[in-house]
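Asks: Residue numbers (numbering that gives the first Met the number 0), protein chains in the order written: chain A, 0 to 212; chain B, 0 to 212.
None of these hints come from the bench; they were simulated from the model.
Treat the hints loosely; a few may be bogus.
Same chains, same label: a pair holds when it works inside one copy or across any pair of copies.
Restricting the straight-line Cα-Cα distance to at most 30 Å, the calculated cross-link-like pairs of lysine-lysine (DSSO-like) are [claimed, not checked]:
| hint | residue 1 | residue 2 |
| --- | --- | --- |
| 1 | Lys96 | Lys196 |
| 2 | Lys166 | Lys126 |
| 3 | Lys179 | Lys210 |
| 4 | Lys210 | Lys1 |
| 5 | Lys144 | Lys40 |
There are 2 protein chains.
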Amino acid sequence: MKNTEHLVKGDIESMERRTRTQLINSLSGFKSINLCGTISKEGVTNLSLISSVVHIGANPALMGFIMRPVTVRRDTYNNILETGHYTFNHLNEAIFKKAHQTSARYPVETSEFEAAELTEIYSEVMKAPYVQESHIRIGLEFVEKIPIPVNGTLLMIGKVTEIFFPKNCWLADGYLDIEKAGSITTSSLDTYHRTQKIARLSYAKADRMIKEI
Amino acid sequence: MKNTEHLVKGDIESMERRTRTQLINSLSGFKSINLCGTISKEGVTNLSLISSVVHIGANPALMGFIMRPVTVRRDTYNNILETGHYTFNHLNEAIFKKAHQTSARYPVETSEFEAAELTEIYSEVMKAPYVQESHIRIGLEFVEKIPIPVNGTLLMIGKVTEIFFPKNCWLADGYLDIEKAGSITTSSLDTYHRTQKIARLSYAKADRMIKEI
Numbered sequence: 000m001k002n003t004e005h006l007v008k009g010d011i012e013s014m015e016r017r018t019r020t021q022l023i024n025s026l027s028g029f030k031s032i033n034l035c036g037t038i039s040k041e042g043v044t045n046l047s048l049i050s051s052v053v054h055i056g057a058n059p060a061l062m063g064f065i066m067r068p069v070t071v072r073r074d075t076y077n078n079i080l081e082t083g084h085y086t087f088n089h090l091n092e093a094i095f096k097k098a099h100q101t102s103a104r105y106p107v108e109t110s111e112f113e114a115a116e117l118t119e120i121y122s123e124v125m126k127a128p129y130v131q132e133s134h135i136r137i138g139l140e141f142v143e144k145i146p147i148p149v150n151g152t153l154l155m156i157g158k159v160t161e162i163f164f165p166k167n168c169w170l171a172d173g174y175l176d177i178e179k180a181g182s183i184t185t186s187s188l189d190t191y192h193r194t195q196k197i198a199r200l201s202y203a204k205a206d207r208m209i210k211e212i
Numbered sequence: 000m001k002n003t004e005h006l007v008k009g010d011i012e013s014m015e016r017r018t019r020t021q022l023i024n025s026l027s028g029f030k031s032i033n034l035c036g037t038i039s040k041e042g043v044t045n046l047s048l049i050s051s052v053v054h055i056g057a058n059p060a061l062m063g064f065i066m067r068p069v070t071v072r073r074d075t076y077n078n079i080l081e082t083g084h085y086t087f088n089h090l091n092e093a094i095f096k097k098a099h100q101t102s103a104r105y106p107v108e109t110s111e112f113e114a115a116e117l118t119e120i121y122s123e124v125m126k127a128p129y130v131q132e133s134h135i136r137i138g139l140e141f142v143e144k145i146p147i148p149v150n151g152t153l154l155m156i157g158k159v160t161e162i163f164f165p166k167n168c169w170l171a172d173g174y175l176d177i178e179k180a181g182s183i184t185t186s187s188l189d190t191y192h193r194t195q196k197i198a199r200l201s202y203a204k205a206d207r208m209i210k211e212i
């Protein structure tokens, strides 16, 4: 079809590096976007922007994210290994620019909370800081890091041990209305989107068509 | 704060199973939603709905997804191992109900393409079928499966070897406008959302504030 772009392996491999990075980062679809809060054993807090958080399981409650190769300094990685704790904090429209700013390369002694003018708060059970301006905040205990041999990245797995969210966004069946809570989504590396619910659908069965609930 | 729900480990662990499943599946944030197309060595095609696709790397171009424990029949898993090929096909508003229907439990000899009235098409290089009604279609070669010990799931890694997308959605710098292409996003297990772009932001540097581009 003449309006469809068709790329094959050679096209992808020979693409200019930054062009390919933008394209391939777009391909997975819309992504979650979280600020990961950590603290070093010296007490310096850190924030990093993570778009690779993925659901691993509900029982036990586990979440994963992809860590790039630790061939350079990775404060988030070091802090998680040192303290065993980290937090995920959903982005919303009021803080997405500040959150994006945390992806700049700051010196190790600089807290991204301060650099981006976000507020750190603590709970009684987690060593790692939360982002006060975030409406959905999750505390995790580090479980394991799993090497991905093909490109040297790591899958970092954590157990959900604490959750904060707006009371009026939680439905009786357990569904958390993250759109109502103001959470946003991202595409590729640098683009942010709000959402608008289309429908919630019933559990699919082979002998009937699904319907809106 | 009285309007904030606060759950700790014991609350999460003692929650009714389906309630916890809905809640924990909401926590990662908005998710990509793809139909995964495969074919068995007997030639039976299969579609499965996957909300765990994650970017692994751009050079080489790699994508991952989480496969639940293969303690029961998993057609997608078996087909990927048998043929080495699979496709990801972005959902859009015209097909999300049909796509959701594919998550019903059909007999192994039933193609979800037929059950959900979606159209299979093939390229010259991939054994696995694509979904014609999808606007962004990705062909992958299986690379490796990585066990996640803590709960028996698997991280399935594939190399992007073919891409189809609308020509008018691709910007000169490589960014693929998946919103313009009609791709949608999902939350928890059963809710679908369209998106509305807020802004695209410049690359963050420590010595200046980011801006819209």
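Asks: State for each hint whether it applies.
Replies: Comparing the hints with the structure gives:
In this homomeric assembly, Lys96 and Lys196 come within 30 Å of each other (Cα to Cα) both inside a single copy, at 24 Å, and across copies, at 14 Å. Proximity of Lys166 to Lys126 under the C-alpha cut-off of 30 Å is restricted to the intra-copy arrangement: shortest distance 24 Å within a copy versus 48 Å between copies. Taking the shortest alpha-carbon separations for Lys179 and Lys210, both the intra-copy value of 22 Å and the inter-copy value of 26 Å come in at or below 30 Å. For the identical chains of this complex, Lys210 and Lys1 are neighbours neither inside a copy (36 Å) nor across copies (36 Å), given an alpha-carbon limit of 30 Å.
When the C-alpha separation of Lys144 and Lys40 is checked against a cutoff of 30 Å, the pair qualifies only within one copy, where the shortest distance is 20 Å, while the shortest distance between copies is 35 Å.
Going down the numbered hints, you'll see the structure goes against just number 4.
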